[in-house]
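S.K.: Residue numbers (the numbering used here), protein chains in the order written: chain A, 2 to 437; chain B, 27 to 336.
One or more of the hints may lead you astray.
[Claimed, not checked] Subject to a maximum C-alpha distance of 30 Å in a straight line, what follows is the list of computed DSSO-like cross-link-like pairs (lysine-lysine):
hint, chain 1, residue 1, chain 2, residue 2
1, B, Lys94, A, Lys357
2, A, Lys192, A, Lys272
3, A, Lys357, B, Lys91
4, A, Lys243, B, Lys282
The hints are simulated quantities; they were obtained by calculation from the structure and are not laboratory data. Every value quoted in this text rests on a predicted model; they were computed, and no experiment measured them.
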Amino acid sequence: MSFFLNGVHVPHRKNTADKSAVRMESPKTVTIPVSMHIGVPATPIVAVGDIVKVGTKIAEESGAISSPVFSSVSGKVVKISDILLSNGSTAPAITIESDNEMSVDESVAPPTVNSREELIEAVRKSGIVGLGGAGFPTYIKLNVDPSRIEELIINGAECEPYITSDTLTMIDRVEDMEYALEALKLHLGIKRIIMGVESNKKRAIAQMKMLSDKVEGLEVKVLPSVYPQGGEKVLVYHLTKKIIPVGKLPIDVGCIVLNCTTLASIGSYLKTGMPLVEKCVTVDGGAVCEPKNVIVPIGTSVSDVFEYCGGFKSEPAKILYGGPMMGIAVPDTSAPVIKNTNAIIALTEKEAKLPKTTACISCGSCTNACPFGLAPAAILAAYKKKDTERLEELSVNACMECGCCSFICPANRPLVQTNKLAKILLKEEKAKEVQK
Amino acid sequence: MANKLKLAVSPHIHSGRSTMGIMRDVIIALLPAAIAGSVIFGLRSLLVIGVCVASCVLLEAVFNKITKKEQTIGDLSAVVTGLLLALNLPANIPVWQCVVGSVFAIVVVKCLFGGIGYNVVNPAITARVFMLVAFGSMTIQAYPKVVDVASSATPLAVMADGGNAPELFDLFKGLHGGAIGETCAAALLVGFVYLLVRRVITWHIPVSYIGSVFVLSLLMENFDFVRALSMVLSGGLLIGAIFMATDYVTSPSTAKGKLIFGLGAGVLTFLIRYFGNYPEGVSFAILLMNILNPYIMSWTSHKVFGGGKA
Numbered sequence: 002m003s004f005f006l007n008g009v010h011v012p013h014r015k016n017t018a019d020k021s022a023v024r025m026e027s028p029k030t031v032t033i034p035v036s037m038h039i040g041v042p043a044t045p046i047v048a049v050g051d052i053v054k055v056g057t058k059i060a061e062e063s064g065a066i067s068s069p070v071f072s073s074v075s076g077k078v079v080k081i082s083d084i085l086l087s088n089g090s091t092a093p094a095i096t097i098e099s100d101n102e103m104s105v106d107e108s109v110a111p112p113t114v115n116s117r118e119e120l121i122e123a124v125r126k127s128g129i130v131g132l133g134g135a136g137f138p139t140y141i142k143l144n145v146d147p148s149r150i151e152e153l154i155i156n157g158a159e160c161e162p163y164i165t166s167d168t169l170t171m172i173d174r175v176e177d178m179e180y181a182l183e184a185l186k187l188h189l190g191i192k193r194i195i196m197g198v199e200s201n202k203k204r205a206i207a208q209m210k211m212l213s214d215k216v217e218g219l220e221v222k223v224l225p226s227v228y229p230q231g232g233e234k235v236l237v238y239h240l241t242k243k244i245i246p247v248g249k250l251p252i253d254v255g256c257i258v259l260n261c262t263t264l265a266s267i268g269s270y271l272k273t274g275m276p277l278v279e280k281c282v283t284v285d286g287g288a289v290c291e292p293k294n295v296i297v298p299i300g301t302s303v304s305d306v307f308e309y310c311g312g313f314k315s316e317p318a319k320i321l322y323g324g325p326m327m328g329i330a331v332p333d334t335s336a337p338v339i340k341n342t343n344a345i346i347a348l349t350e351k352e353a354k355l356p357k358t359t360a361c362i363s364c365g366s367c368t369n370a371c372p373f374g375l376a377p378a379a380i381l382a383a384y385k386k387k388d389t390e391r392l393e394e395l396s397v398n399a400c401m402e403c404g405c406c407s408f409i410c411p412a413n414r415p416l417v418q419t420n421k422l423a424k425i426l427l428k429e430e431k432a433k434e435v436q437k
Numbered sequence: 027m028a029n030k031l032k033l034a035v036s037p038h039i040h041s042g043r044s045t046m047g048i049m050r051d052v053i054i055a056l057l058p059a060a061i062a063g064s065v066i067f068g069l070r071s072l073l074v075i076g077v078c079v080a081s082c083v084l085l086e087a088v089f090n091k092i093t094k095k096e097q098t099i100g101d102l103s104a105v106v107t108g109l110l111l112a113l114n115l116p117a118n119i120p121v122w123q124c125v126v127g128s129v130f131a132i133v134v135v136k137c138l139f140g141g142i143g144y145n146v147v148n149p150a151i152t153a154r155v156f157m158l159v160a161f162g163s164m165t166i167q168a169y170p171k172v173v174d175v176a177s178s179a180t181p182l183a184v185m186a187d188g189g190n191a192p193e194l195f196d197l198f199k200g201l202h203g204g205a206i207g208e209t210c211a212a213a214l215l216v217g218f219v220y221l222l223v224r225r226v227i228t229w230h231i232p233v234s235y236i237g238s239v240f241v242l243s244l245l246m247e248n249f250d251f252v253r254a255l256s257m258v259l260s261g262g263l264l265i266g267a268i269f270m271a272t273d274y275v276t277s278p279s280t281a282k283g284k285l286i287f288g289l290g291a292g293v294l295t296f297l298i299r300y301f302g303n304y305p306e307g308v309s310f311a312i313l314l315m316n317i318l319n320p321y322i323m324s325w326t327s328h329k330v331f332g333g334g335k336a
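Construct the entire structure; sequences and hints are all you get.
M.R.: Right, dumping it as structure tokens:
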């Protein structure tokens, strides 16, 4: 069966695509949460007063799905306490006062990788998680029976407005990407690699085409700049025509999907042994003085990063982690940059203004915009009645929460917002049934 | 600053589309037909249009006020209803009948069902059907002022009586009897193109509707192209298929559903025109399809990517 996955035309606003990322000097303090990934939070292994360096492990993985955490500066641990994370949960965070030396931990050395097992172990130790946004520990994705892997998919779509950190990875970190691809090919037996890049990234496309000349088996496909081109299921379908069923993973159709920055991070770890301690983030939005990409130590507070970009030229009305389509609005600027932060955006009052919600006129725009053909208006009606049976029937669990429906709705109805609530409702209902 | 930051669930930007914007586009698309009607049937057309639009907007405003509902006239949907109703009336209709029709459209069909988005049938169409049944003046059509038209009946009535089909080019220009906005095919097609370009509507309903009427008429008329084409260009088919059958609230939103809706309306229009008592069947056909809309919608839901049926 063939599908035409719709989506919407969002404004690009890629203001920062032509400027190379600049590395920010060490902030006075960093606050590094132990939960920067999907799965069990890491367990702190340092105590207040401990001296740490760049790359010192400060929290180790616990449980099957977890990821270690490393210090991003050199200095002294001054506090370990719970902080509010951008997703609304709380988790311990380790605050380190920097000595501004940025001296590197002695343990940092390139890992020995001569086998599949050693590669996966190396990626596990690197603390690398999915940097496209989800933060799923990368080694788990790689740790599958190699015979199941048909294609490695590299996500260079970066379809959210404003964000260009992946674009800069594709322009400036080609060697890291190449190194990682060769290692993955060698040790996981990957034959076919397909990379998808949106058509609005001309420089990145040129670089990636050059990379594909060097790396055998790598094919670079230019995709239309239609949001959400970078959605995992959308990308896999457009690159391979494979449909990932609802509730299934890419590997169930023989694909491993890695974000291009995740890939580059694997490469740089294999080369240097420096774990994931810094992150390139796009700083943009109408309220920011000097929009640019900044490479910051993980744990740097959002306010420090904004300050580095000249501060605000007007009072921000909304501050986002991530892009405006799927990003999370945060209550204040004390929150830290974490592993999977790819952008921090400060919107002005005018940019943050959304139209008033009015009555549904059944125009069908939501359904026509939904890449997966869901019927958000019908889901909203079913959710209001708490009709879980109907919600199941409407396959609300297929929703990836991309937000096309709400973006396009002429009545600005809370469609994707309701989808999220409906998914939670179904989960709760299921939990209740299990209890019975 | 910190405590003033807005918190909300994504998305944090919006396309800028609005109900008001869509309605404004529909009004713009109807302007050529309104202007053509005023030229063809004289300035009294403007009086009819003015009275219908003003009564529709006023009635909605008053209804919202009395029932203490949020004011909705700003979305311009009442203007669209008034304009569509007027364009479906003869230019010589008494003013009081325009007002009664507007009351029926806005108060009975729209507001009492819950206002915009909640009406089951199209307000303008239903009001027109109501007026057709209630007022004799609806069937005494106005005639063009600009040319001396010898034939005293509308083309459909002439053809129903076995008369000759009128000149196609005259039909295209709208120089024949009928309602204010329905006769000038050229003006309606300009509006159609505008709506397509602005992506307010898709081609599915108008094309399947008009196409099915054409094909069925062609069969009925022994492949006489001129007569079949006259069937398409006469009566309320174009304005109905382009502007009334495409009303979001009362027509399907899926492509497949739209094709079924258009086809159904086409077959019904054909049946009424050829086998019914009325020479014109567009209003009845659309009204009946409006009622079937929820069923069509549930038959034609989209396939969900990677999942079951929505």
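S.K.: Does each hint fit the structure? Answer for all of them.
M.R.: Each hint, compared with the structure:
1. Between the alpha carbons of Lys94(B) and Lys357(A) the distance comes to roughly 19 Å, so the proposed pair stays at or under 30 Å and holds.
2. Our distance criterion of 30 Å between C-alpha atoms is met by Lys192(A) and Lys272(A), whose separation comes to about 22 Å.
3. Pair hint Lys357(A) plus Lys91(B) holds up; C-alpha atoms about 20 Å apart against a cutoff of 30 Å.
4. A C-alpha spacing of about 25 Å is found between Lys243(A) and Lys282(B), which places the hinted pair at or below 30 Å, so the restraint holds.
Comparing the model with each earlier hint shows no violations; every hint is respected.
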